[in-house]
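> If you want the building blocks of each chain, they are given just below.
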Amino acid sequence: MPAVLIEGIHKRFGSLEVLKGVSLSVDAGQVVAIIGRSGSGKSTLLRCINGLETFHAGKIEVAGHMLTQDPTKLRELRKDVGIVFQSYNLFPHLTVGQNIMLSPRITKNVPQAQAMALAKDVLAQVGLSEKFDSYPDNLSGGQQQRVAIARSLAMQPKVMLFDEVTSALDPELTGEVLLVMEKLAKGGMTMLLVTHEMNFARTVADRTIFMHQGLIWESGPSKELFANPQTPELANFVKAGAH
Amino acid sequence: MQTFGWPEALFILRSAGWTLALTAIAFFIGSIVGGAFAIMRLSRLRWLRRFAAGYILVIQSIPVLMVLFMSYYGLSALGIELPPFLAASASLSIYVSAYLAEIWRGSIESVPRQQWEASASLAHTTAQTYRHVILPQAIRISLPPTVGFLVQLVKNTSIVQVVGFVDLMRAGMLVNNATYQAFQIFTLVGAIYFAICFPLSRLSRHLEKVMNASRSH
Amino acid sequence: MLFQDVFSKWPMILNGVWLTIALSFVAIGLGLVLATAMTALRSLAGSWAGYIVDAYVELMRNTPFLVQLFMIFFGLPQLGIRLNGLEASVLAMTLNLAAYATEIIRAGVDSIHKSQIEAGLALAMTKWQVLKHVVLQPAFARVWPALSSQFVLMMLASSICSFVSVQELSGTAAIIEQDTFRSFETYIVVTVLYLVLALSFKLFLNWLGRKLFPQVSGLARLTEAHGEAA
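Which chain is which? The protein sequence lines are A, W and G, in order.
Residues in the first sequence are numbered from 1 upward in steps of one, following the numbering used here.
Residues in the second sequence are numbered from 1 upward in steps of one, following the numbering used here.
Residues in the third sequence are numbered from 1 upward in steps of one, following the numbering used here.
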């Protein structure tokens, strides 16, 4: 039973078809990188998986949940699927600790003491224990992103989605975030990451998907894909180095 | 003809107290009604949105004097005769509700879209998103314009005499009718309004600076 | 409810509408001239002028319009200056609008980056040319939505001039009400007229903005949508 099953997804923005029939299957514990030019549909695909975008044809099943418009079912799905955004999106009026504790408390009724222990635990996993009482404003971009990862982890998701999470960071700060992601991967988390970090995709992701014009253009084991591109589009993309 | 002496000045000052009371009540009731209209304005039901938008548009497109008259004579037509203080409070509350609804709706919409997405992605219901994520941020954003509007409210209370209420302005006019020393009287009246409004204006500008400073991170 | 009594007074109502419009346009015209002068004074004449303008603006913005009007109408005679209701109204509205407009224009001027001015001077423009083309025109374009809102507010505020017996629309309403005893009908009609006036004026100003400042019309429409509450 795959952790993520995507079959024949079509999506339109107005008259523009952004996803033209995408199918993908990800087993539990696998790490899949999705690469491609801007406009290739990769972020849109990722956002379909947790329901932030809708699609008009095809089906998606993730962590045992079918993707629907039903709000209650969607919320259940989102308890098992975490997402980390390019712009971190931490809640600025809450401390780091409060950011992390909020969702477990209000969606799963986890009692305060337990929530705090959970929050401290995930914060330690991303290496920011000392920032528990700080406000997001006082953290660097890399630190905020790691808190964002911790916030998602606190929900104990079965699948984690990463939407270009290092693209908004200064180069010196991407390393700390990638390290956390690598740790998660080694720990067996099912991960789908849209990324420009080719090196990371090649070394950490089990499989890499190259998207082009709304379709999966090439897909395969990461090292293989980067070493031997089968299509001119991927070859050019890899050569250009993207980023 | 009387002279403009201490008893007259004290009468004016006491009436200033009534102006403040009126402001406070109109603001309080107007906030509750305004909050309701702000939520209606953001509702998923189209007719509710349009109704609220219509209400806000009408009240913002007519003079406050007309809001006063319409509520006063409208209620009269329904057979309800309110004493001046209540008439003034009710009318001003309606005026306040429309402007605050617009300010607060604007504040809610100023909260970045990504905050909604992040909250939804954490499996929060819409109500939870409003309560824990959106409203705390919207309230902060709304403080400068809300305080700024309070200044407008204080100034606009100066016309409630048309429904028979004796506020600071009316008191000044009454003393003027008795003493004909308009220059001194309205200087005093103006100074009292200024003393109330100026600190509020400063507060609003200060809050705006604080808001911009924290936003630029 | 009998609206006929009110409708039969339509010439008077029309006069009231006309006077409201005339009063507003005159006050806005004069007020803008005064505001531009004060903005120029503030930036060219040094800090003491700036303080005086600031004090004037704060005074006008933190006291009710009615107080200002009464000061002019009832207070000035004590100093020997006797104005009738209409004259006092024009003066009061002009002074009031000028204060708000000065603030708004100043925000616009401040938003023009110094580098723009330097660029203009580097292109061998005179100080006056820079002022006109690099500073004032873009500044006005940027704050046109805020200015427009203020103009509409001023038109609505003209209703207060009825307190000094000026027969603009509200003053006319008071007279009709006294004549016919049909308070509710009178005020409904007048309210609807104000609504029509305000919305028409807003549309006109939007159109005017697009005509005068075509280069930023898109941005202007965006900022309008985000509203200017009083």
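Be careful, since some hints might not be right.
[What the hints assert, rightly or not] Example chain G residues on the side facing chain W (calculated, C-beta under 8 Å, incomplete):
hint	residue
1	Leu199
2	Ser200
3	Phe204
[What the hints assert, rightly or not] Some but not every residue of chain W turned toward chain G, in silico, with C-beta under 10 Å:
hint	residue
4	Val162
5	Val166
6	Asn212
No wet-lab data here; the hints were simulated from the structure.
For each residue, glycine too, the CB sits at the ideal point set by N, CA and C.
> Looking back at the hints listed earlier, which ones does the structure fail to meet?
Of the numbered hints, 2, 3, 5 and 6 do not hold.
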